[in-house]
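> Each chain, letter by letter, is given below.
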Amino acid sequence: MVVMKNKPSVTLIVLFMLLTAVGWINIFSTVYQSKDFTMDSAYGMQLIWIASLWLIAIFVFVIGKGFYYHFAAYIYLIFTVLLVVVFFIGVEHAGAKSWLGIGRFGIQPAEFAKYGTCLLVSRYISSYYCDLSKWKHVWRVGIIILIPVGFILLQNDTGSALPFFFLVFALFREGLTPWILIFGFALIFLFVLLIYFPQWIIITAVTILFIMILIHWYRKKKPRIFRTWIVYIAAVIYIFSADIVYHKVLQDYQRQRIDLLFGKIDDPRGIGYNVNQAKIAIGSGDIFGKGWGKGTQTKLNFVPEQSTDFIFCTIGEEYGFIGTTTVILLYILFIGMIIRLSEKSKDTFTRCYGYCIASIFFAHTTINIGMTIGLMPVIGIPLPFISYGGSSLWAFTIMLFTFINLEAKVNRRRTEN
Amino acid sequence: MKTYDKRKWWIWTVFGLVALIYLVRLFSLQVLEPQWTDKAAANALRYIAEIPPRGLIFDRNGIKLVDNEISYDLMVVPRNIRSLDTSELCNILGIDTAEFNNRLQKAKRYSTYAPSLFAKRLSPQTYSFLTERLYRFSGFYIYPRTVRKYYTDAAAHSLGYIAEVNHTDMEKDDYYTAGDYTGRSGIEKSYETVLRGEKGQRIILVDNLGREQGRYFDGLYDKSAVPGKNLWASIDKNLQEYGEQLMQGKRGSIVAIEPATGEILCLVTSPSYAPSLLVGSERSRNYMSLHHDSVNKPLLNRALIAMYPPGSTFKLVNALIFQQAGIVNEHTLYGCQMGFAYGNRKLGCHNHPSPLNVTASVQHSCNAWYCRGLVAMLENRKHYKSTREAYADWHKRVLKLGFGQKFNSDLPYEIAGIIPAADYYDKAYGVNRWRATSIISIAIGQGEICATPVQLANLAAIIANRGYYYSPHLIHSITHKDSLNNGFTLRKYVDIDEVYFPQVIEGMERAVIAGTARRASVPGIRVAAKTGTAENPPRKDHSLLVCFAPVDNPRIAISIIVENGGFGATWAAPIASLIMERYLNDSVVRKDLELQIMNGKITYW
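Chains S and A, in that order, give the protein sequences.
Take 1 as the starting number for the first sequence in my numbering and just add one per residue.
Take 1 as the starting number for the second sequence in my numbering and just add one per residue.
In isolation and in its complexed conformation, chain A is listed as follows:
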């Protein structure tokens, strides 16, 4: 009988081949293909972000300005919904059935087993009403999140606001995920990374139905959230609020700087709005109504992004530069016959003694003096080869004083202002076709020159410091009140020797005692001030003033602008006077003046 012993090899071969194929397949699955590990993690691991509390904001004296408050969102897990009483929930939330279904569909499209947002920021009534009945709405739960709470109605622009991140934010910084909040303006924006802290992360295991099944490796890979740091703003809450009261009914700004540090004591822009308007469920509506107020433009921060011709306040700049450039000294006298005549034209001046030295020119704000000074500088062929070269030198010195450029500190938005370069005039008049008289208006801060209120306040600080400044900033300290880590301790010298300041300061002080700025005086305090009346044809002139006080130990440097307020003495000077009194004396005794200013309204068209 035939045997089939050899056939066992065939069977060995088939069985062995199958085993080999399986081992190769397993090697490929387990060793070569990495995607399965990620898929397993995506299956079973859920990363839960822990949002740290945002840092608080205090004023320079430690008064709390911005706090966190808990708000409640209604979340839904669609697959957990069981026999829902739709109409009752609709009633509680105040929405109709169509809207309800719409939101539910949206949630289902996102995921049936992961939570999604159903109703944002429940009102306190809705919240308390809903918590009692929540057990009847399986699948829904309330998720607390924190929103900002403000203890002041002032300083909206400086504090800024936070809003939910958008697509661009998330693209720029992968720290953010949908639903996070980020600073949109002001300190909230500038110090976002400090205030937000660091998100924590909890990894939990979920089963196939999305139910929590404990922590991944007992929390070995969890990260706890780091709370945001607290900030002390440079703002003085009381002064800020007082400034905003004074500016009621007027457009313009008040910028006050502490000269010794560059800290902004108040940054008033008027009209403004209460910061609490941009919080909570009303945020978008309020924002749009502020945004669409094209008459008052409350969202416009005039202190930083409005620019004005500085007018006579700019004479301070020229007085310093002319001295430093060796054009004038304290003995130089220029005469004034009710103005400065050049060619067949005349730039007018008002009635005052003549001739004047530099101190008196500041005191009386003589136009002719500065015109002659500018001509003397630009047409000086001993120092400069050409008008253009002289102008370039002048331009460089003006920029040194902080004009025509941004400070790039922590100010949320700012503009550079305008100090035209020589090229500009080359283009306007043609190369070598312009002389000092062509651009004579810049001598008195008119013409092509524009400055922002914060730059003018900084000018006052430079004079108060006799030659240097710190970039104006909104932060006093981070982490705790006495820490010095605000990052703005670099002293910037303006290349004007200290010896040239006393003449200017004396002129400013005399202007207060017996000059154009008499209304800026504060009883018992030595004040140095310079008015400005910026022409704004065809509208009424802007009322400007820069000042600082006390003269021998300056603690506050201010610029005031009241749009269309007329002479600098009319509105700006008394406002400055009250601000200084409020800040230096802590209280105002001249209640009648205070009342007059607060109630004063300027009619805009």
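One chain only, chain S, in its complex shape:
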């Protein structure tokens, strides 16, 4: 039996409305060319999408809470199968075969696979026998996450795969050893170092560090030689393999985007065009911006993909620092609210699911905004609720309202336990 514990979170719903409104206003501003208002345009389509969100939201909300818990595996399975289906009947878009087209509408199963993964991961973690401090369970959760990631990578859609890795924050909250996180940051740090310095310098540095640690252990009379050796060898293998990945596995454009981010190449007219134009658009907004519809850079097509991946440029140009700060504050409130409500929930499944989607939203906003201001490589993923596009809007809305559903209702059977 399911009863309402309390009202659905009004704050979250208001923030959701605000974000979609911000998105629509900016898409309208970017596309509208002082001709007649027409529904047969990006802003018209987005209006239909936003209207349709409410149907989905209500649908997702009225379903019983237990459905998501019990059917998590099936939902996961359906979307994973869709990921496979894409290989056969998918539509290629910008080099990645990742879309399923139905008439004029298309969905990107990768967006929905995140939802399925969040559900199943939460379901597994919230089961009574799961203990993330044990490697056995970590591996299983890892496999749940890595199956869709694998398919998405095979679709050549690296960008959509990245947010999955941010689920590590949720796992960390549920007991995953912090060493995984530290290890992850260390790998990224080492990778960045490898971009700046030649391989032999890094290996020499690591070796010196290793010798110093060994000496340290000997002095402390705690010779942990074996473990240290393992770490050392792993590090050396990583350095070699990272180099191979960087030069052989990564595609040219990916390597260029990374080089561009770290300033190893400077080509504002060629491969650096997007980022440079994005920075010009945002930078020229100054404090108060140029005003609605007055953004020359975004309206006159200097910024590419102005209404989808680079929508943040329109905000930056037309509303200035005030606008960008407001949007970032909205996201902080939004993600913070999800975390707060998750923590308040007595229910592990709800809490874990909340952290999962908070991580996903965090991943999308961080990567998308970071890309437009030159802090992240160019990775084409949408800004939640703001970017143009029905597929991601639907996926994010389903994710959000599932959480609102879970948070608002309480599972009596579990509380009775």
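Please keep in mind that the hints were generated in silico from the structure rather than gathered at the bench.
Quick caveat, the model's predicted, so the values are computed rather than measured.
All residues carry an ideal CB built from backbone N, CA and C; glycine is no exception.
A couple of the hints might just be wrong.
Claimed, not checked - Away from chain A, derived, C-beta distances all over 10 angstroms, residues of chain S:
#: 1; residue: ALA51
#: 2; residue: TRP54
#: 3; residue: PHE71
#: 4; residue: GLY106
#: 5; residue: ALA186
#: 6; residue: ILE203
#: 7; residue: GLN256
#: 8; residue: ILE287
#: 9; residue: ILE335
What the hints assert, rightly or not - With a straight-line cut-off of 25 angstroms between C-alpha atoms, the simulated DSS-like cross-links for lysine-lysine are:
#: 10; chain 1: A; residue 1: LYS406; chain 2: A; residue 2: LYS297
#: 11; chain 1: S; residue 1: LYS136; chain 2: A; residue 2: LYS400
#: 12; chain 1: S; residue 1: LYS136; chain 2: A; residue 2: LYS8
#: 13; chain 1: A; residue 1: LYS39; chain 2: S; residue 2: LYS294
#: 14; chain 1: A; residue 1: LYS400; chain 2: A; residue 2: LYS492
#: 15; chain 1: S; residue 1: LYS7; chain 2: S; residue 2: LYS294
#: 16; chain 1: S; residue 1: LYS294; chain 2: A; residue 2: LYS223
#: 17; chain 1: A; residue 1: LYS149; chain 2: A; residue 2: LYS39
#: 18; chain 1: A; residue 1: LYS6; chain 2: S; residue 2: LYS134
#: 19; chain 1: A; residue 1: LYS6; chain 2: S; residue 2: LYS344
#: 20; chain 1: A; residue 1: LYS400; chain 2: A; residue 2: LYS172
#: 21; chain 1: S; residue 1: LYS409; chain 2: A; residue 2: LYS406
#: 22; chain 1: A; residue 1: LYS400; chain 2: A; residue 2: LYS385
#: 23; chain 1: A; residue 1: LYS406; chain 2: A; residue 2: LYS189
#: 24; chain 1: S; residue 1: LYS346; chain 2: A; residue 2: LYS8
#: 25; chain 1: A; residue 1: LYS172; chain 2: A; residue 2: LYS64
#: 26; chain 1: A; residue 1: LYS64; chain 2: S; residue 2: LYS264
#: 27; chain 1: A; residue 1: LYS8; chain 2: S; residue 2: LYS134
#: 28; chain 1: S; residue 1: LYS346; chain 2: A; residue 2: LYS223
#: 29; chain 1: A; residue 1: LYS385; chain 2: S; residue 2: LYS344
#: 30; chain 1: A; residue 1: LYS108; chain 2: A; residue 2: LYS172
To be verified - Just so you have them, the derived chain S footprint on chain A, three or more residues with Cβ under 8 angstroms:
#: 31; stretch: 196 to 207
#: 32; stretch: 502 to 508
Mind docking chain A on chain S? Use the hints.
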């Protein structure tokens, strides 16, 4: 079971840190770094200059001399070129494929999406031919621009010409951008800022492909062009053309000034060229051929930058100065025995009555009279302590009369001429080692003294005005014909009292009636004139004349120089006579004289 509640703080920290980094980055991008705004403007705004029509030039009577005419340039936007028939376009333009590719490469190097010049100043045939076929050459378009059109073949030096600005022009004045035109000489140069007007500016928005997307803020920051002002030159077109006809086949100059205003009525330099030669697609070629004509030097404005020994015309200066300095008065008589003997040398003179007063000395152009006068002045120990001091006084008075210095009015180029200072003679002879007899030639306008034709014409104007002049200038008025804003209304007094002029003027008038300048007479008009025959060894003497008329109400003051023309009476006097007749009577009745002068040629070597 262990709980991990504390870990939420770690997650808060990481998320919050990222948000903070992003906000700092945005603050830096949007608030601290100003360069993005400029880059955005450079992206999306295109400033289009609107070139105003250049002011027209009229003559003093309102006859149009210089007008604007539209010429057509072929422009190209390389990225808009689609399936081009190169050979056809080459045929129309009359260039070969190599040249075509060369120009296209140049345009591409400049910009692929901004227009650049492909062919300058299309001929009318090419233009009409091309406009019909232009639709087939996408990426090319015709850009009209205005060039000068001349309604006269005369006055080339006074009007000057315009040319495309060069690097130096653009550095000196940031008004100019590449492709603009500026006055290079003459009135076009002197009145450049008046004639050019003020450029306007249109700001349009362009998209990422350089296509026009409307006006920036609906034209709020646009500026409309202000057309250049029209000018009325002081030149009398008819007189100028007539003067140039008279000077055909002769080298030299005619400068005529209206004494009452200082306006130059005609400024003839011969040989000259037609101003229309320096316009249009032939400009550079014509200019070079004029430039390289080292025999005739048509680009040399003899009226302003050639200097000659003034010869006997300079006696007028001395006659005035000697009187003003108190050396002679109207009763002073000096004798002449076919010249002036000093030491064991003699400066010759011709046969004339003797002794002479100042009036007769002008009438007969007596050399001895002026030599005695100069000696009387320079060796006068009542007035001056030394020869040097006396000379310095003389020098100062000559400069007052406009010699030895530039007028600095609107004359495009001029030189100062030479009136040596006392220091010069100190250097040449040694301090205190020179006397009046050392420099006796200056008494008769020879020796170290040189003057330009315009200075001599100004002398005639000073005498006509009885004691003052206006800086000779080429402008009559600006904006409209009757406006007085030409800026040259300052009367300059020459420090010679009016009472000393009648003697000189009477001498000049008598010279016309019964003296050296008889050929300068005009029937029915009282003319005052003074001939000059400037020695020019080893070549033949220059023929000079200064005159003005009518004597009692002077309307024109003239200096004529015909190089190697012999006596002043031979060429200069009849030319002056015809110029005065033409100007004062509007027509010339002495057609035989006119014909003789026009056809007269002096053979130069």
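> Evaluate the condition: distance from the CB of ILE335 of chain S to the nearest CB of chain A exceeds 10 angstroms.
violated, 6 angstroms
> Is LYS108 of chain A within 25 angstroms of LYS172 of chain A, Cα to Cα?
Distance ~29 angstroms between LYS108 of chain A and LYS172 of chain A Cα, so the pair is violated.
> When you look at the beta carbon of ILE287 of chain S, is every beta carbon of chain A farther off than 10 angstroms?
violated, 6 angstroms
> Is the hinted pair LYS6 of chain A and LYS134 of chain S satisfied, with a Cα-Cα distance of at most 25 angstroms?
Answer holds: LYS6 of chain A to LYS134 of chain S is near 19 angstroms, not above 25 angstroms.
> Are the Cα atoms of LYS346 of chain S and LYS8 of chain A separated by 25 angstroms or less?
This hinted pair holds, its Cα atoms lying about 15 angstroms apart.
> Is LYS346 of chain S within 25 angstroms of LYS223 of chain A, Cα to Cα?
violated, 69 angstroms
> So is TRP54 of chain S really clear of chain A, every C-beta pair being over 10 angstroms apart?
holds, 28 angstroms
> Against the 25 angstroms threshold, does the CA-CA distance of LYS406 of chain A and LYS297 of chain A hold or violate the hint?
This hinted pair holds, its Cα atoms lying about 22 angstroms apart.
> Between the alpha carbons of LYS39 of chain A and LYS294 of chain S, is the straight-line distance 25 angstroms or under?
Measuring from Cα to Cα gives roughly 16 angstroms; hence the hint holds.
> Against chain A, does ILE203 of chain S keep a CB gap of more than 10 angstroms to every residue?
The claim holds: ILE203 of chain S sits with its nearest Cβ about 30 angstroms from chain A, beyond 10 angstroms.
> For the pair supplied as a hint, LYS8 of chain A and LYS134 of chain S, confirm whether the alpha-carbon distance does not exceed 25 angstroms.
holds, 20 angstroms
> Mind checking the alpha carbons of LYS385 of chain A and LYS344 of chain S for me, to see if they're no more than 25 angstroms apart?
Outside the cut-off at roughly 118 angstroms; violated.
In this structure, the hints that do not hold are numbers 8, 9, 11, 15, 17, 20, 21, 25, 26, 28, 29, 30, 32, in rising order.
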